[in-house]
Amino acid sequence: MGIVTPGFFGKRREADPHLPPGQYETKDFPVLSAGPTPNIHEGEWEFSITNESGDVKRWSWDEFMDLPIENIDTDIHCVTRWSKFDTKWRGVSLDTLFAEVETDAPFTMAHSYGGYTTNVPLEDLLEGKAWVAFEFDGEPLDPEHGGPARLLVPHLYFWKSAKWVTGLTMHETDELGFWEVNGYHAYGDPWKEQRYYYDS
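The working numbering puts the first residue of the sequence shown at 81, with every later residue one more than the last.
Because the hints were derived from the structure by calculation, they are not lab data.
A portion of the hints provided could be inaccurate.
To be verified - In the DSSO-like style, the derived pairs of lysine-lysine whose C-alpha atoms are separated by at most 30 Å in a straight line are:
id, residue 1, residue 2
1, 209, 137
2, 107, 272
3, 209, 164
To be verified - If you anchor each label on the Cβ, the simulated ranges turn out as follows:
id, residue 1, residue 2, range
4, 271, 116, 19 to 27 Å
5, 184, 220, 31 to 39 Å
6, 255, 167, 27 to 35 Å
7, 115, 208, 28 to 36 Å
For every residue, glycine included, the Cβ atom is placed at its ideal position computed from N, Cα and C.
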């Protein structure tokens with residue numbers, strides 16, 4: 081599973097309605113990554129959305145900071161079975177970003193500095209479901225957790241919330257990303273335990 085820090089084994093609370101099946105609550109914030117942590121300075125960070133026609137909309141860090149910023153209070157769930165309740169983030173809604181993009185494509189691929197990718201249907205990024213987050217718990221997002229900015233898609237397993245995100249590309253078909261090619265589920269709903277490709 082890549083780089084893992086201690087502390088992701090927590091106390092199981094099966095009776096808690098906020099806890100998806102097979103998950104354990106943790107008070108820590110474990111670090112799990114597919115590779116080394118890239119070092120990206122805010123001045124060189126850029127986010128882009130490329131539509132199916134190849135048109136690109138880009139935001140620099142300063143332009144991104146000028147967009148409407150939201151406070152997000154949400155639970156997160158990792159495929160390695162830990163869940164963390166009531167996490168607090170700040171970021172820009174994907175609804176805000178896609179308001180400036182013309183697309184009819186139903187699928188996206190998230191791209192990260194370092195080469196990581198993960199696929200997410202567009203409908204799972206809109207209507208208040210996803211953000212590009214740059215703060216966690218009142219502080220700038222640590223590089224080990226995806227800083228300066230990461231995708232935040234809390235209703236799916238956390239590998240879909242791509243760290244060090246640099247952009248999205250639009251696709252007509254659902255193409256598989258890094259972990260999906262390596263056997264993880266194409267969608268990743270924690271409430272259905274969609275961990276691996278053979279899960280329904």
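Structure-based check of each hint:
The hinted pair formed by residue 209 and residue 137 meets the criterion: a straight-line CA distance of about 21 Å does not exceed 30 Å. Proposed proximity of residue 107 and residue 272 is supported: the alpha carbons are some 23 Å apart, at most 30 Å. A hinted pair counts as satisfied when its Cα atoms are at most 30 Å apart, and residue 209 with residue 164 qualifies at roughly 18 Å. Between residue 271 and residue 116, the C-beta spacing of about 32 Å breaks the proposed range 19 to 27 Å.
Checking the proposed 31 to 39 Å range against residue 184 and residue 220 shows it holds: the Cβ atoms sit about 36 Å from each other. Our hint of 27 to 35 Å for residue 255 and residue 167 holds, since their Cβ atoms are close to 29 Å apart. Remark: the range hint 28 to 36 Å for residue 115 to residue 208 is upheld by a beta-carbon distance near 31 Å.
In summary, the one numbered hint that this structure violates is 4.
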